[in-house]
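Participant: Below, each chain spelled out in residue letters.
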Amino acid sequence: MIELVNITKIYGQKPHTVKALERITLQLKPNEMTAIMGPSGSGKTTLLNIIGCLDSPTSGEYFLDGKNTSRLDLKAKAQLRNEVFGFVFQAFNLLADKTVLENVMLPFRYSRRPRREWKQRAMTALSQMGIADLAQRYPDQLSGGQQQRVAIARALANDPKVILADEPTGNLDSTTSKEIIDVLKALAEKQGKVVVVVTHDGMVASQAHRLLQMMDGRIIDDSQIDSDSVVFSHPSV
Amino acid sequence: MAVKHLFLALLSQKELHGYELKNGFENLAGGRWPLNFGQVYQTLSRLERDGLIESYEVAQTDKPDKKVYRLTKAGREHLSAWLKAEDNWNLFFDELALKMLAFELIDPKEALEILRSYRSLILRVIKSLTQMRAQKPENTTPALLLERNIYRAEADLKWVTNMIERWQKHD
Chain A
0 MIELVNITKI YGQKPHTVKA LERITLQLKP NEMTAIMGPS GSGKTTLLNI
50 IGCLDSPTSG EYFLDGKNTS RLDLKAKAQL RNEVFGFVFQ AFNLLADKTV
100 LENVMLPFRY SRRPRREWKQ RAMTALSQMG IADLAQRYPD QLSGGQQQRV
150 AIARALANDP KVILADEPTG NLDSTTSKEI IDVLKALAEK QGKVVVVVTH
200 DGMVASQAHR LLQMMDGRII DDSQIDSDSV VFSHPSV
Chain B
0 MAVKHLFLAL LSQKELHGYE LKNGFENLAG GRWPLNFGQV YQTLSRLERD
50 GLIESYEVAQ TDKPDKKVYR LTKAGREHLS AWLKAEDNWN LFFDELALKM
100 LAFELIDPKE ALEILRSYRS LILRVIKSLT QMRAQKPENT TPALLLERNI
150 YRAEADLKWV TNMIERWQKH D
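Going line by line, the protein sequences match chains A and B.
Going by numbering that gives the first Met the number 0, the first residue of the first sequence is number 0, and it counts up by one from there.
Going by numbering that gives the first Met the number 0, the first residue of the second sequence is number 0, and it counts up by one from there.
FYI, nobody ran anything at the bench for these hints, they're computed from the structure.
None of the values given here were measured: they were computed from a predicted structure.
Any given hint could turn out to be false.
Covered by chain B, according to a simulated footprint, are these stretches of chain A (three or more residues, beta-carbon under 8 Å) [stated by the list, open to error]:
| no. | region |
| --- | --- |
| 1 | 14–27 |
| 2 | 215–226 |
Here are the computed lysine-lysine pairs in the PhoX-like style, where the Cα-Cα straight-line distance is at most 25 Å [as the list claims (entries may be wrong)]:
| no. | chain 1 | residue 1 | chain 2 | residue 2 |
| --- | --- | --- | --- | --- |
| 3 | B | 72 | B | 62 |
| 4 | A | 160 | A | 76 |
| 5 | A | 184 | B | 135 |
| 6 | A | 160 | A | 118 |
| 7 | B | 13 | A | 177 |
| 8 | B | 83 | B | 72 |
| 9 | B | 157 | B | 108 |
| 10 | B | 83 | B | 13 |
| 11 | A | 118 | A | 177 |
| 12 | B | 3 | A | 184 |
| 13 | B | 168 | A | 18 |
| 14 | B | 157 | A | 177 |
| 15 | A | 160 | A | 18 |
| 16 | B | 83 | B | 98 |
| 17 | A | 177 | A | 160 |
Don't be surprised by glycine CBs; every beta carbon is placed ideally from N, CA and C.
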C-alpha cells in the first residue's frame with residue numbers, strides 16, 4: 000500500500016546542508032501498527048511528514064497504492080493528503096473556540112463531501128471513539144485523553160486509509176497513553192488501516208506490531224513484535 | 000528469605016493461620032509468586048524457632064485444631080530492621096549481565112545477535128507487563144509492582160538500543 004524507495008531528504012543550501020533522511024526503503028501495510036523510535040533529530044518526524052505528503056523528498060520514489068506520488072503537483076498532493084491520511088499530534092491541535100463536533104467536521108471543508116453528510120459522519124467518528132456524548136463541549140472542558148480521542152475522531156472523519164500519529168501520547172499519563180494506543184491499534188486490526196506512530200515511549204512502542212528504530216536518518220532496525228508469551232520468574236526461596 | 004519478611008509484615012496487622020499467610024502473600028505478589036504448603040510451614044517453623052513469631056492451637060469442632068500465629072516483640076523489631084536496611088545493588092542481576100562479560104571473548108556478530116534478541120524480549124516484556132498492569136486496580140500493591148518493572152524495562156530498552164547502535168558501528 001505504501002512504498003518508499005531510496006528516500007533521501009536534505010535540508011538547507013550547500014554547503015550548509017543537513018541530511019535528515021538517508022536512502023530509506025520501506026513498505027507499510029494495512030492492518031499493521033508500526034511504531035517509529037529514535038533519538039531527537041534521528042529523522043522520525045521527517046519520515047512521518049514525507050509519508051503523509053506534508054513534505055517532499057529530495058530524491059527517491061514514493062508509491063501510494065502503486066501510484067508514484069513524486070510526480071504529483073502541489074494541488075494533487077494536497078487533495079491526496081486530505082483523502083488518504085489522518086493526522087494525530089502530541090498537542091491535540093484542536094481549535095479552542097469550536098465545539099468538539101465542529102472540530103471533527105473541519106476536514107470536510109477541504110473535501111468534496113456534501114455538507115448534509117458532515118454532521119452524521121462526524122458523529123459516527125465520535126461514537127467510534129466512545130465520546131459522542133461530548134459533541135457539544137469545548138476542548139478546554141475535556142481531559143487530555145478525551146481531547147486526543149477528539150483529535151483521532153477528526154483524523155478518522157474522512158475515512159482515511161492511513162493514520163499518522165506524531166507522539167500521540169506525549170502529553171498523557173501512562174494509563175491514558177495505554178488507552179489511546181489501544182484505540183489506534185484497533186484501527187489497524189479491526190478497520191484495516193495503516194497506522195504509524197512516532198514515539199519516545201517504550202510502552203507505546205511495545206504495543207505496536209512492528210518497530211522501526213531510527214538513527215542519523217537511517218532505519219537501523221526493523222522488527223516485528225511478536226505476541227509470544229513471556230515467562231516471568233520469581234525467587235525460588 | 001523474602002517470604003519470611005512478608006509473613007512478618009502480614010502478621011503485624013493481625014493473627015493469621017498458615018493458609019491465610021499463604022493467600023495473603025500470593026495476593027500481594029499479584030498471583031505471580033505461588034507458594035507451596037511445604038515452604039509455608041517450613042518458613043513458619045523457622046520463624047517460630049527464632050522467636051520472631053509464636054503460635055497457639057484453636058480447637059475446631061469437625062476438623063483438626065488450627066494453629067494461629069502472631070508476631071512477637073522480637074519479630075516486630077526484626078521486620079522494622081529489614082524494612083529500614085539499605086539494600087545491596089546486585090551488579091550481575093540477570094543472565095545478560097553474565098553474557099555481557101563474554102562479549103569481548105566471542106564473535107561481535109554473535110554479541111549483536113544476543114543484544115537484538117534481548118531487545119525483542121524486552122519489547123515483549125513491556126507489552127505483557129503493560130497488559131497485566133491494565134487489569135490491576137490502580138494503586139494496589141500488584142499494580143505498583145508491575146509499574147516498577149515497566150519503568151526498569153523501559154530503561155533497559157533504551158540501554159539495549161544504545162548498545163545495538165554502538166555494536167553496529169563497531170562491526
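Participant: Does each hint hold? Answer for all of them.
Facilitator: Here is what the structure says about each hint:
1. 14–27: Coverage by chain B is violated here, the residue count being 0 at a Cβ distance below 8 Å.
2. 215–226: holds (count 6)
3. B:72 / B:62: With a Cα-Cα distance of about 31 Å, the restraint between residue 72 of chain B and residue 62 of chain B is violated, given a limit of 25 Å.
4. A:160 / A:76: Roughly 15 Å separates the two Cα atoms, so the pair holds.
5. A:184 / B:135: Holds: residue 184 of chain A and residue 135 of chain B sit about 21 Å apart, inside 25 Å.
6. A:160 / A:118: Holds: residue 160 of chain A and residue 118 of chain A sit about 21 Å apart, inside 25 Å.
7. B:13 / A:177: Answer violated: residue 13 of chain B to residue 177 of chain A is near 38 Å, above 25 Å.
8. B:83 / B:72: Roughly 17 Å between the alpha carbons, so the hint for residue 83 of chain B and residue 72 of chain B holds.
9. B:157 / B:108: Holds, because 20 Å separates the two Cα atoms, which is no more than 25 Å.
10. B:83 / B:13: 21 Å, holds
11. A:118 / A:177: 29 Å, violated
12. B:3 / A:184: 43 Å, violated
13. B:168 / A:18: The hint holds at about 19 Å.
14. B:157 / A:177: 19 Å, holds
15. A:160 / A:18: Outside the cut-off at roughly 29 Å; violated.
16. B:83 / B:98: 33 Å, violated
17. A:177 / A:160: Holds - the C-alpha atoms of residue 160 of chain A and residue 177 of chain A are around 23 Å apart, at most 25 Å.
When held up to the earlier numbered hints, the structure conflicts with 1, 3, 7, 11, 12, 15 and 16 and fits the remainder.
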